[in-house]
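Number of protein chains: 2
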Amino acid sequence: MLSRHLIAALALTSSLLALPALADGQAKPTPTTKEILAKSTPVEWRTPDPQNLIIMQLPTGGVVIELAPDFTPLHAANIRTLVRGHYFDGLAIIRVQDNFVTQWGDPNDDDNGDKSKLRSLGKASKTLLPEFTRAIDPKLAWTPLPDGDVYAPEVGFSEGFPVARDPAAGQQWLAHCYGMVGVARDVAPETGSGSSLYAVIGQAPRRLDRNLAVAGRVLEGMPLLSGLPRGPEPMGFYAKPAQRITIESVRLAADLPAKDRPAIEVLRTDSASFAALVEAKRNGHNAFYARPAGKVDLCSIDVPVREAKPAH
Amino acid sequence: MLSRHLIAALALTSSLLALPALADGQAKPTPTTKEILAKSTPVEWRTPDPQNLIIMQLPTGGVVIELAPDFTPLHAANIRTLVRGHYFDGLAIIRVQDNFVTQWGDPNDDDNGDKSKLRSLGKASKTLLPEFTRAIDPKLAWTPLPDGDVYAPEVGFSEGFPVARDPAAGQQWLAHCYGMVGVARDVAPETGSGSSLYAVIGQAPRRLDRNLAVAGRVLEGMPLLSGLPRGPEPMGFYAKPAQRITIESVRLAADLPAKDRPAIEVLRTDSASFAALVEAKRNGHNAFYARPAGKVDLCSIDVPVREAKPAH
Chain A
-1 MLSRHLIAAL
9 ALTSSLLALP
19 ALADGQAKPT
29 PTTKEILAKS
39 TPVEWRTPDP
49 QNLIIMQLPT
59 GGVVIELAPD
69 FTPLHAANIR
79 TLVRGHYFDG
89 LAIIRVQDNF
99 VTQWGDPNDD
109 DNGDKSKLRS
119 LGKASKTLLP
129 EFTRAIDPKL
139 AWTPLPDGDV
149 YAPEVGFSEG
159 FPVARDPAAG
169 QQWLAHCYGM
179 VGVARDVAPE
189 TGSGSSLYAV
199 IGQAPRRLDR
209 NLAVAGRVLE
219 GMPLLSGLPR
229 GPEPMGFYAK
239 PAQRITIESV
249 RLAADLPAKD
259 RPAIEVLRTD
269 SASFAALVEA
279 KRNGHNAFYA
289 RPAGKVDLCS
299 IDVPVREAKP
309 AH
Chain B
-1 MLSRHLIAAL
9 ALTSSLLALP
19 ALADGQAKPT
29 PTTKEILAKS
39 TPVEWRTPDP
49 QNLIIMQLPT
59 GGVVIELAPD
69 FTPLHAANIR
79 TLVRGHYFDG
89 LAIIRVQDNF
99 VTQWGDPNDD
109 DNGDKSKLRS
119 LGKASKTLLP
129 EFTRAIDPKL
139 AWTPLPDGDV
149 YAPEVGFSEG
159 FPVARDPAAG
169 QQWLAHCYGM
179 VGVARDVAPE
189 TGSGSSLYAV
199 IGQAPRRLDR
209 NLAVAGRVLE
219 GMPLLSGLPR
229 GPEPMGFYAK
239 PAQRITIESV
249 RLAADLPAKD
259 RPAIEVLRTD
269 SASFAALVEA
279 KRNGHNAFYA
289 RPAGKVDLCS
299 IDVPVREAKP
309 AH
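Sequence order for the protein chains is A and B.
Taking my numbering, the leading residue of the first sequence gets -1, the next gets one more, and so forth.
Taking my numbering, the leading residue of the second sequence gets -1, the next gets one more, and so forth.
Keep in mind that the hints were calculated from the coordinates and are not lab data.
Some hints could be false.
Any copy will do: because identical chains look the same in the list, a pair fits if it lies in one copy or spans two.
List time: in silico DSBU-like cross-link candidates among lysine-lysine, alpha-carbon distance up to 30 angstroms [said to hold, decoys possible]:
| # | residue 1 | residue 2 |
| --- | --- | --- |
| 1 | Lys124 | Lys26 |
| 2 | Lys238 | Lys32 |
| 3 | Lys124 | Lys37 |
The whole structure should be built from the sequences, with the hints applied where relevant.
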């Protein structure tokens, strides 16, 4: 029984769009994610700008994060400055709260920490304008998701990221979906510098939207952040230094020799293949999933990442 | 900076309902979850029926699951039969797929397993009517959540569980939210017996709704299921037996001496305190969260569980 079948074909297709009814499960099965991506063309994939890729090396492997300077430019710049000053090297994962976030930074930057031992931010700013939202700009790509959203008037994708927007206010913002990386801060809105970051590891905490800056998205290595023991203290903080995972280093891909950069590509969110994947999540069905959902939630769509093929 | 403040007060209140505007952050802060629960009354809490509580003992601790016989009665009964036959003792967690599910059962019940070594289900049925949905029944408690939902015409809570429903079809079903426990199966809808179960450990996979039976909810011990290394094989299966976590035992609370039963209570989802918590998630704000979300998603609401106070 079950087992591998439970999600044997979670990702389904767009090929059934024209079919009037799927309820009897007799229609042709929707292609899987693998099948859809196998038919994608090279131009549908982009290579992230190495100025936007940071690699966090943990004892268990590497976590690759893509910054989003079109949404949070001051934060992207400050994080680059921190990384180039080797600010994060030797710091730690300080908190893993179940169904919420994994957070990293300076262990002394904590209510129980020794403030006299706080690491200097070097040339980076200690405060930044909040960048919780930014203006809607027609120059930024926008692929709307017409399925609705509980939290925002409109949602969709822009430059590979899940985005929510409020046309009446003229504002848009990166949504706190699984794998998105946010900027921790103190109470004052301008106190988020990027020196402490968090990744979402549970149900999307969308109530954080517009209250915190979102700096980017984990492209690779999410399991290294999500599959950690939860901290025993309130809000998932670790009680003892020995429980924390040390960050070996954080580097900007642009600062590495080309051969050492992550060789990855991200599916363009304005591509036909991405649209096919979204439609597969929305209306796909097969022998196992007889009943299509009919709708798809913004945060239930993962933007595919793949290993880049070596150049010939 | 940051740290503990990141979510110092995620749970906010209903006390601000009457305030006309919260946008300037000057209004009185919303009470926290802790503050709201501190004011709850004993009658707002229920003690789960020991016939519906199963305790899965792992080497790392206990996971307590509440079955939902009003939604999936055949599955609840079959799971009880399996548990009473000690079916699960010595079986294992066979799969942890990031941002999806942790699944447990018979390691040989897998495409790569040795079918000749499959454990007998004993007196339990190998197949069951699917119970993917059930009829809406006014006799079942219903606390609607009016915030809307991407997937279903109506959502709300019933008997402590997140529920979606379709009044036009006269059907309702348990929603695949974080911590909900589903029944793995093979392709045929009736092949879910409860001998392999999964818990949701990521963004709610609502497309599974109405395609799989949901048997209940994890009340305690989610971190023991969610904070595990993800399996390296496709769909998170573990490659080697040594990677699997063995299930020491699974017992029904009703079969244990009263003193050994989990002493826990669950906040009633039709209580005023629960409504206050929901409103706090929806519109709460404080010095840190200046901007209330305005809405709240079904799967972002955790139904509180607490340790029961000893009887006097």
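A quick look at each hint next to the structure:
1. Taking CA atoms no more than 30 angstroms apart as the test, Lys124 paired with Lys26 passes between copies only; the shortest distance there is 29 angstroms, against 57 angstroms inside one copy.
2. Taking CA atoms no more than 30 angstroms apart as the test, Lys238 paired with Lys32 passes between copies only; the shortest distance there is 25 angstroms, against 43 angstroms inside one copy.
3. Taking the closest pair of Cα atoms, Lys124 and Lys37 never come within 30 angstroms of each other, the shortest separation being 47 angstroms inside a single copy and 40 angstroms across copies.
Hint check: a violation occurs at hint 3 only; the rest are consistent with the structure.
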